[in-house]
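Asker: With the hints as extra help, turn the sequences into a complete structure.
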Amino acid sequence: MNEACRRAIEDPETNAAHLQQCASCRALFEELNTPISDARVQVRELPLAPWEGATYRSWPLVIAGAAAVLLAALALCAAVGLSPLRAISMGIGSTAIARSSLLTAADAVRNASTIWQIAFGALFLLVNTALVLLLRRAPRGIDA
Amino acid sequence: MRRPPRILLFLAIAAASVITATLAAPPASSSVVGDARRVLLTPASFTDAAAMMQRTAVVASLLFVWMIAAVALTLISGREIRYSSIEVRTSPLHCLALGLVAVTSFVLTAIVFSWLTSVIGIPLLVALAVFAMLTKIYGTIAVFHAVGTIVAGLRTREQLSQRRWLRGDLAMVIIGLLILGAIRLVPVIGPIVWGLASIFGVGTALATKFGRREPWFLAWRPAEL
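Chains as they are written, first to last, in the numbering used here: chain H, 24 to 167; chain B, 40 to 264.
Worth flagging that the hints you see were computed from the coordinates, not collected in a lab. Because the structure is a prediction, the values reported are computed rather than measured. What you were told as hints is all true, and nothing was included just to trick you.
Rough simulated footprint, nothing fancy, chain H against chain B, three-plus residues with beta-carbon under 8 angstroms:
(1) 127-137
(2) 193-207
(3) 214-221
Where is the CB? At the ideal position from N, CA and C, for every residue including glycine.
Answerer: Spelled out as structure tokens, the structure:
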């Protein structure tokens, strides 16, 4: 009994082709009165797996998309008399609003009454407990 | 995953066109809603129009930066992006809930860190900000992939063999970015949709541990004697 025979005995459906070729294995299954399914898997009938064709790199689409966005950005920047780098820095710099809001909220909580500070502490614990509970769930994407 | 009927796609495009056209040129109306819409969306003066165009230019410039980041990240870790994209398509509610809770947690934790003394608090705040930014960027790119796959993804093997360039992770990310980027340019609705995409993105990034699909916490088991 070789490795192929062992695999066929362990998983006869997957290794149906071996059972058709190997007389000793076929005799063994006939002795056990176990039907051997010779239904071959039709790959073309199987649903498309997410990874099939996924590694293909579509450079024409990337270049066309990037060129379209770049041209639109350059045209708009030229129309308002703004350099593209300045526009990008303005966009990224908008996080300063979030930073100042955060500092304002921190000051407000610091200067709040004890009851509000306890409520904030309870909210902090509650939200982080919910986060931990949600993170404990295993992702199901591939198996769904 | 079942393919939605093609008529739904055309209806969605028609509905989106009507909404965009209505927002871009609100119909004249004496109602309060109509007036509010005109005040919000239609510039009253030349200065307002210039400010609106400047905002659009900033958004378009940032979209180009997003495109560079999306292409680079997809080339580096395409499989992880794909896994996160699958998760956001199969468990959207879980990703939304996780995203909302995670963003709230980031804000509350940042407030707590800002209370600490500067020696401890500032490094912790910087670490939290970097983690939050990376989560948002990675997750939003995963959402680009998900949107691209929903709109233009492969359904059958015939499509796989027929399509020449509209296939692969990179193409799906670009398609999703162009769609969400176009929506981002629409006043009022654009920032809302983009913010929702960010929340979904943060959720899927954390749910899949940045596409690695590993548990965040080790399970405790008693030692076997």
